[in-house]
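Enquirer: Residue numbers (full-length UniProt numbering), protein chains in the order written: chain A, 1 to 147; chain B, 1 to 388.
One or more hints might be untrue.
To give a feel for the contact side, a few chain B residues facing chain A, derived at Cβ under 7 Å [stated by the list, open to error]:
1. A138
2. V140
3. D194
4. P197
Pairwise CB distance ranges, derived in the manner of DEER restraints [claimed, not checked]:
5. C50/A x E388/B: 46 to 52 Å
6. R41/B x A25/A: 56 to 62 Å
7. H62/B x T129/A: 32 to 38 Å
8. P118/B x T13/A: 27 to 33 Å
9. S56/A x A190/B: 31 to 37 Å
10. T129/A x E35/B: 47 to 53 Å
To be clear, the hints were calculated from the coordinates, so they are not data collected in a lab.
Ideal Cβ positions, reconstructed from N, Cα and C, are used throughout, including at glycine.
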Amino acid sequence: MSDADPSGESPPTDRDYAEWLDALADGEGFALACPDGHGSLPPRRVCPECGSPDLSREPLRETGTVETYSVVHVPSPRFADDAPYATAVVDFGPTRLTGIVRGDDPDGDAAPEVAIGDAVTAAVGERATDGERLVVFRPAADRSPDE
Amino acid sequence: MTEVRVAGVGLTPFGSHPERTGRDLFGEAALRAFEDAAVDRADVEELNYGNFMGALAEHQGHQAPLMAEAAGVRCPATRYESACASAGVAVREAVRTVAAGDADVVLAGGMERMTNLPTAEVTEGLAIAADDLFEVRAGVTFPGAYALMANAYFDAYGGSREDLAHVASKNHANAVPNEYAQYRKEVSVAEAMDAPPVAEPLHLYDACPITDGASALVLVSAEYAERNDLDASVAVTGTGQGTDRMALGDRDRLARTPAADDAADAAYADAGVEASDVDVAEVHDCFTIAEVLALESLGLFEPGEGISAAREGVTTADGDLPVNLSGGLKAKGHPVGATGGSQIAELTRLLRGDHPNSEHVPDAEVGVAHNAGGTVASAVVHVLEVAE
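Bound conformation, chain A alone (with noise of 0.2 Å):
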């Protein structure tokens, strides 16, 4: 987790959703998925979908496809100097993962340039406005999707 933010507020702890995002910046984001293959994101007692308790970790596709995504002009007061920022929903086989979508430079600016199929990849960047880490989507570099 980061450290107390400036006004002086402790974060919340949310210690699955930090154990989640540490593998995504790993190189090695997952997916809980149930024996009926279906996919979602912890924290997870059961699967949402059919209520199977046995879930194990699968490995989200390295390249994700563009599903659908908005260019946001208006954001919240935690995303004041992040705007405007395109916002996408990707499929990444066992479940999709919704982030910000940046540019092939990892230091650029937010590059809101995003279509309906295009290829990305998932990995965890940090907030302009106050560095809290998010998920962020990248072009993929052979612009393919997996399958």
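Once you have looked at the hints, place chain B on chain A.
Expert: For chain B alone, kept in the frame of chain A given last:
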């Protein structure tokens, strides 16, 4: 089952009332509902009250007892929260309570106070109706979420920003004669197209405004209405509710709203009507695309065909199936925790013949109200019919 009648409805003017407390707003709506109903306050057996963000906006939790005081009733009072469907679920439980014979008179409705907060804080407040971990932290705003659905819809079925601009223009035109509406002014398709972007493809006139307001309904059993010689000509004949996965990305399809499909199916079955029987509808158009999704979930249009309904004049005031004659959330305003009650109040007035837009539906007998929470992770549908 006991038939449920709408004995009276009350609304505050929707708009900007930053200096008025929530208790004052709901008190006004309840006062008007009792005047309309001619029901003795002492007969009220329950208060079902909807509110979404009162803890943020007013630093006021535990609002139900406060609202019972404001309404001048002394009975069990409960606050219902289901984001923008808060009043819808409050009304639904009132309907079920009366239908089951557990009470003869229930006061139901809701209130939201929003304009006392800066716009950025309202944006933040509304965003908490989404999944905090996997949506809000990923930059999804409330308009942004519906923008994601709009682009998914365009990709699946076609359609354009101009189609959505026709929805905005239609609903603004409907609001002009409505004394309770926040924006009683026409907006042309060209003006809507030229407005600044909020979350593309949605622009300013695709979005509902930030609104203060309250709604109240006095619901009674048909036996109580008869016993007390009430003028309660409209019945709530069907109620249904649906729930979907919270995060948009976890849904099977991004351009459909299955929770509303489920709510509509249940409400139609409860009422014993079909979509083809519906004469008039009030639907949850927090954004223009939301009206399109609602029309398709309600079975009034096939998937992919709702997008052109306003442009082709089917859902305009003079069309075959007028939708949002109140002005909708879009132009009448959207005090989120009050909206589900206000839709039923407006539909009741339309069916009774005392709404400024009743002239457009003189022979209407069946109306449907569709209220949604979040990106339709929650949905409530009610069927109203002229009973006599």
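Enquirer: Taking the hints in turn, state whether each one holds.
Expert: Okay, the hints, checked on the actual structure:
1. A138: Nearest chain A Cβ about 4 Å off; hint holds.
2. V140: Since the shortest Cβ distance to chain A is 6 Å, the answer is holds.
3. D194: Nearest chain A Cβ about 15 Å off; hint violated.
4. P197: At about 5 Å, which falls below the 7 Å cut-off, the nearest Cβ of chain A leaves the hint on P197/B intact, so it holds.
5. C50/A x E388/B: 46 to 52 Å: holds (47 Å)
6. R41/B x A25/A: 56 to 62 Å: holds (60 Å)
7. H62/B x T129/A: 32 to 38 Å: Since H62/B and T129/A have Cβ atoms about 33 Å apart, the given range 32 to 38 Å holds.
8. P118/B x T13/A: 27 to 33 Å: holds (28 Å)
9. S56/A x A190/B: 31 to 37 Å: Once the Cβ atoms are compared, 55 Å apart, the range 31 to 37 Å for A190/B and S56/A is violated.
10. T129/A x E35/B: 47 to 53 Å: Given about 49 Å between the Cβ atoms, the range holds.
Checked against the numbered hints listed earlier, the structure breaks hints 3, 9; every other hint is satisfied.
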